[in-house]
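I would like the entire structure built from these sequences, with the hints used as guidance.
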Amino acid sequence: MVNLRINGEMRELDISADTPLLWALRDVLGLTGTKFGCGIAQCGACTVHLDGAPIRSCVTPVSAIGDRAITTIEAIGATTPGHKIQQAWLDLEVVQCGYCQSGQIMSATALLASKPDPSDADIDAAMAGNICRCGTYVRIRNAIKKAAKS
Amino acid sequence: MTTRRAFLQTGAAAGGVLLVGFHIPREAWAAANAAPGAPFAPDAFIRIDHQGAVTLIMPQVEMGQGIYTAIAMILAEELDARWEQVRLEHAPPNTKLYGNPIFGVQATGGSTSVRAFWTPLRKAGASARALLIEAAAQRWKVSPDTCHTANSTVTHQPSGRTLAYAALVDDASRLTPPAKVSLKSPSEFTLIGKPVKRLDTPDKVNGKAVYGIDARPPGLKFAAIAICPVFGGKVGHVDDSKAKQIPGVRQVVVLDELVAVVGDHTWVAKQGLAALDVTWDEGPNAHVTSDDVWRQIRASSEQQGAVAKTAGDVPKGLGTGDRLDAAYEMPFLAHAQMEPLNCTVHVTADSCEVWVGSQVLARAQEVAAKVTGLPLEKVTVHNHLIGGGFGRRLEVDYVEIAVRVAKQVDGPVKVTWSREEDMQHDVYRPVYRNVLAASVSDGRIIGWSYRVTGSSIIARWLPPAFQKGVDIDAVDSAADIPYDIANLQVEYKRDEPPAVPTGFWRGVGPNNNVFAIESFIDELARKAGKDPVTFRRDNLGKTPRLVAAIDLAASKAGWGKPLPPGSGRGIAAQSSFGSYIATVAEVEVSESGILRVRRLVTAVDTGIIVNPDTVVAQLQSGLIFGLTAALWGEITIKNGRVEQSNYHDYRVLRINEVPEIEVHLIASGEAPGGIGETGTTAAPPAVGNAIYAATGVRLRRLPIDPKHLQRTSFS
Chain P
31 MVNLRINGEM
41 RELDISADTP
51 LLWALRDVLG
61 LTGTKFGCGI
71 AQCGACTVHL
81 DGAPIRSCVT
91 PVSAIGDRAI
101 TTIEAIGATT
111 PGHKIQQAWL
121 DLEVVQCGYC
131 QSGQIMSATA
141 LLASKPDPSD
151 ADIDAAMAGN
161 ICRCGTYVRI
171 RNAIKKAAKS
Chain C
4 MTTRRAFLQT
14 GAAAGGVLLV
24 GFHIPREAWA
34 AANAAPGAPF
44 APDAFIRIDH
54 QGAVTLIMPQ
64 VEMGQGIYTA
74 IAMILAEELD
84 ARWEQVRLEH
94 APPNTKLYGN
104 PIFGVQATGG
114 STSVRAFWTP
124 LRKAGASARA
134 LLIEAAAQRW
144 KVSPDTCHTA
154 NSTVTHQPSG
164 RTLAYAALVD
174 DASRLTPPAK
184 VSLKSPSEFT
194 LIGKPVKRLD
204 TPDKVNGKAV
214 YGIDARPPGL
224 KFAAIAICPV
234 FGGKVGHVDD
244 SKAKQIPGVR
254 QVVVLDELVA
264 VVGDHTWVAK
274 QGLAALDVTW
284 DEGPNAHVTS
294 DDVWRQIRAS
304 SEQQGAVAKT
314 AGDVPKGLGT
324 GDRLDAAYEM
334 PFLAHAQMEP
344 LNCTVHVTAD
354 SCEVWVGSQV
364 LARAQEVAAK
374 VTGLPLEKVT
384 VHNHLIGGGF
394 GRRLEVDYVE
404 IAVRVAKQVD
414 GPVKVTWSRE
424 EDMQHDVYRP
434 VYRNVLAASV
444 SDGRIIGWSY
454 RVTGSSIIAR
464 WLPPAFQKGV
474 DIDAVDSAAD
484 IPYDIANLQV
494 EYKRDEPPAV
504 PTGFWRGVGP
514 NNNVFAIESF
524 IDELARKAGK
534 DPVTFRRDNL
544 GKTPRLVAAI
554 DLAASKAGWG
564 KPLPPGSGRG
574 IAAQSSFGSY
584 IATVAEVEVS
594 ESGILRVRRL
604 VTAVDTGIIV
614 NPDTVVAQLQ
624 SGLIFGLTAA
634 LWGEITIKNG
644 RVEQSNYHDY
654 RVLRINEVPE
664 IEVHLIASGE
674 APGGIGETGT
684 TAAPPAVGNA
694 IYAATGVRLR
704 RLPIDPKHLQ
714 RTSFS
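Order-wise, the sequence lines are chains P and C.
Start counting the first sequence at 31; every next residue gets the next number (the working numbering).
Start counting the second sequence at 4; every next residue gets the next number (the working numbering).
No lab work stands behind these hints, which were simulated from the structure alone.
Careful: at least some of the hints might be erroneous.
[Stated by the list, open to error] EDC-like mimics (lysine to aspartate or glutamate), calculated; alpha carbons at most 20 Å apart, straight line:
| # | chain 1 | residue 1 | chain 2 | residue 2 |
| --- | --- | --- | --- | --- |
| 1 | C | K641 | C | E285 |
| 2 | C | K197 | P | D121 |
| 3 | C | K564 | C | D534 |
| 4 | P | K175 | P | D147 |
| 5 | C | K545 | C | D445 |
| 6 | C | K312 | C | D483 |
| 7 | C | K564 | C | E663 |
| 8 | C | K381 | C | D413 |
| 9 | C | K559 | C | E663 |
| 10 | C | K410 | C | D400 |
| 11 | P | K175 | C | E663 |
| 12 | P | K179 | P | D121 |
| 13 | C | K211 | P | E104 |
| 14 | C | K247 | P | D48 |
| 15 | P | K175 | C | E665 |
| 16 | C | K211 | P | E39 |
| 17 | P | K176 | C | D616 |
| 18 | C | K245 | C | D267 |
| 19 | P | K176 | C | E665 |
| 20 | P | K175 | C | E660 |
| 21 | C | K245 | P | D48 |
| 22 | P | K176 | C | E663 |
| 23 | C | K211 | P | D121 |
| 24 | C | K200 | P | D121 |
| 25 | C | K410 | C | D259 |
| 26 | C | K247 | P | D44 |
| 27 | C | K641 | C | E499 |
| 28 | C | K200 | C | E87 |
So this is what it looks like as structure tokens:
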């Protein structure tokens with residue numbers, strides 16, 4: 031049995047310790063907002079927060095989490111930076127297919143939480159691990175800046 | 004404002020009702036509508052209930068291109084529906100009702116959605132509005148001509164009386180649709196042309212949007228698959244004893260060319276797959292390499308092809324003035340859409356239920372029926388939002404595989420492809436070789452010969468459209484070249500690559516042709532001693548809309564203004580997908596050959612624009628997609644298998660690699676053009692031409708090979 035603190039709730043899961051958090055969230059708990067993209071931490075679609083820091087859940091075994099708080103896209107809107115990012119995403123119509131956007135929003139929220147007024151270089155550094163095949167990058171950059179000002 | 008939200012229900016909630024409703028004939032449907040509580044449903048696209056909710060059924064699928072919002076705008080415009088009361092539903096599989104008029108197939112692709120459905124959906128909306136007006140006029144005993152509509156309400160103008168659509172549902176349902184309807188003039192549009200917020204995006208920022216991969220029918224099991232890595236190969240021997248010892252692994256399914264492990268969740272299924280001891284029967288393709296592919300296509304491309312277009316006297320034309328010959332080559336490309344292929348299927352003795360994201364929903368239903376042996380009506384398919392299509396989901400191979408696996412499984416099973424399986428068992432954008440010859444005299448193109456050689460996707464995907472040896476997609480934007488050329492021949496030579504399956508890829512035929520033609524036009528301009536913008540303008544007399552786009556792009560990009568050494572601007576122009584687009588790229592190339600694309604400036608005339616911000620978004624998207632291909636896109640073959648496996652060795656552009664992008668829209672009253680693929684075709688030739696301007700190096704092959712850009716190699 032593995033115990034995880036997810037979006038403020040303690041959850042007990044009957045899975046092996048090496049199971050990546052991604053599959054625990056998606057398949058076992060039904061939190062499907064976190065997406066599978068590559069499985070090797072190359073695309074960022076699976077990004078969630080551990081104590082507010084962005085991690086790739088596809089390569090993070092549940093055994094490595096301990097009692098750190100997991101936050102997923104389903105709950106990020108309850109945080110101030112998360113809500114600002116989501117609103118800026120809609121205001122600037124960032125989203126196209128949307129599949130990568132959970133991960134983009136989680137990475138952007140973590141950036142905004144640590145750097146309230148990020149530079150272009152900060153945005154590059156924080157967001158370069160998140161691929162968007164629809165190419166929404168121009169708007170992602172602008173939306174982060176808009177959220178920072180809001 | 005929850006009412007503004009689109010209710011993108013998973014098909015589970017939406018599908019069944021529609022399948023029943025729209026299969027019954029009009030008369031019976033009208034009678035059924037008379038039943039208390041039934042909505043007003045004048046056609047396959049519109050339902051209005053007694054609360055005034057307007058449900059619009061989406062014949063085209065949403066994969067990021069914004070089509071759900073555009074289609075809803077077109078319908079709502081002519082219906083005069085209150086936008087806040089609009090809800091969307093995925094259409095069920097039904098070619099008769101939801102077939103794309105351009106293909107005759109229920110398909111979303113080729114940048115056709117707005118072009119194909121513009122008139123039918125306007126008529127549907129206008130017809131429904133006419134019925135609502137008629138119902139109100141009868142109630143008031145007035146002439147329909149004295150009534151008008153807005154915001155889901157009919158108003159009798161002389162008296163000021165009003166009736167909401169909700170109050171007219173029953174009466175309107177009993178009326179016969181008019182034989183002829185009048186459509187709004189563009190000056191009357193209240194939605195079309197305005198930047199309307201997309202309806203699908205609110206749920207895409209909070210994790211609620213449901214893609215195919217998110218389907219979770221009760222009792223679901225999860226499967227991972229391994230397909231024989233060699234194209235056309237089979238499973239040899241499987242020892243599953245270790246896999247079956249893993250807790251949570253439930254079943255191992257061995258099919259002809261693949262093995263599937265079914266488990267309690269995807270991770271145990273993957274663990275099970277890794278624990279299998281599989282030997283493959285690699286078959287006849289085990290030694291195929293990229294070299295074999297290129298040797299074959301280069302030989303084919305020297306042979307005569309089927310003539311797609313001919314005009315004037317080509318030998319005489321080519322003999323006039325200065326002649327130039329060149330060949331351009333394009334690699335295999337994978338789609339690499341973010342949502343890996345997946346499909347969830349539940350097969351029982353007398354039914355099959357499928358949850359999937361598909362660009363060809365009726366074909367998904369047909370293949371499931373074929374594999375199960377069930378009649379079509381026993382196969383239910385729930386479509387979903389698509390996490391990237393780009394042509395990959397115009398195929399149903401992943402549906403077929405999932406149904407074959409599910410036939411062996413008790414209960415529903417979700418088959419999710421790993422990224423590696425997705426990349427190594429794609430249908431690839433074909434390799435192409437384009438052989439060109441042209442002559443110029445006094446700055447004019449006199450003769451032109453163009454031969455496209457490559458796989459015919461149309462011959463496989465839409466056989467009736469493959470006529471007289473010509474693949475109409477493969478010559479798209481070549482046979483209908485926008486330049487004034489009196490002596491011209493365009494040929495298509497079919498060449499199917501050994502082993503490698505091919506398919507549509509964003510930009511389709513024009514992707515290849517626009518790169519070859521616009522690069523070669525640039526060569527001709529240099530040959531003629533002309534500025535590339537001037538040369539194009541001088542040879543585009545028959546295509547003024549493209550000239551206007553060139554002028555705007557050149558002006559916005561600062562064409563002609565000096566740049567530092569090692570920098571350059573290049574232009575590319577295209578009339579593809581019914582849109583006219585010019586793009587200027589600005590690049591710099593370091594002495595060591597490092598290329599940096601600094602800026603892309605695009606001007607587009609796409610006719611009447613439905614949702615302007617979506618057009619801008621699609622251009623931004625397409626340009627980045629095309630730039631990725633130009634810089635890095637190449638799938639290579641060794642030992643009958645694909646060498647690339649994931650995003651680390653099949654790179655796609657990241658945020659820190661994106662140039663400045665500007666999109667300028669040209670106002671137009673012409674019929675709407677396509678937009679989803681235009682940027683993809685525009686970026687590579689613009690960048691290639693800019694590289695030439697910066698370095699004097701002409702690149703006739705994609706992806707761009709940086710070793711050709713090192714200063715030592717061209718000084």
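Has the given pair, K211 (chain C) with E104 (chain P), been kept, meaning a C-alpha gap of at most 20 Å? holds (7 Å)
Is the Cα-Cα distance between K200 (chain C) and E87 (chain C) 20 Å or less? Between K200 (chain C) and E87 (chain C) the Cα gap is close to 11 Å, so the pair holds against 20 Å.
Has the given pair, K211 (chain C) with D121 (chain P), been kept, meaning a C-alpha gap of at most 20 Å? Measuring from Cα to Cα gives roughly 18 Å; hence the hint holds.
Hinted pair K179 (chain P) and D121 (chain P), Cα distance within 20 Å: With a Cα-Cα distance of about 13 Å, the restraint between K179 (chain P) and D121 (chain P) holds, given a limit of 20 Å.
Could you grab the alpha-carbon distance between K175 (chain P) and E660 (chain C) and see if it respects the 20 Å cut-off? holds (18 Å)
Pair hint K410 (chain C) and D400 (chain C), alpha-carbon separation not exceeding 20 Å: Measuring from Cα to Cα gives roughly 15 Å; hence the hint holds.
Under the criterion that the straight-line Cα-Cα distance not exceed 20 Å, is the pair K247 (chain C), D48 (chain P) satisfied? holds (18 Å)
Is the hinted pair K200 (chain C) and D121 (chain P) satisfied, with a Cα-Cα distance of at most 20 Å? With Cα atoms ~8 Å apart, K200 (chain C) and D121 (chain P) stay inside 20 Å; holds.
Under the criterion that the straight-line Cα-Cα distance not exceed 20 Å, is the pair K312 (chain C), D483 (chain C) satisfied? holds (8 Å)
Tell me if the straight-line CA distance from K545 (chain C) to D445 (chain C) falls inside 20 Å. holds (18 Å)
Is the Cα-Cα distance between K245 (chain C) and D48 (chain P) 20 Å or less? Holds: K245 (chain C) and D48 (chain P) sit about 17 Å apart, inside 20 Å.
Verify the proposed pairing of K175 (chain P) with E663 (chain C), using a straight-line Cα cut of 20 Å. Status holds; Cα separation ~16 Å.
Comparing the model with each earlier hint shows no violations; every hint is respected.
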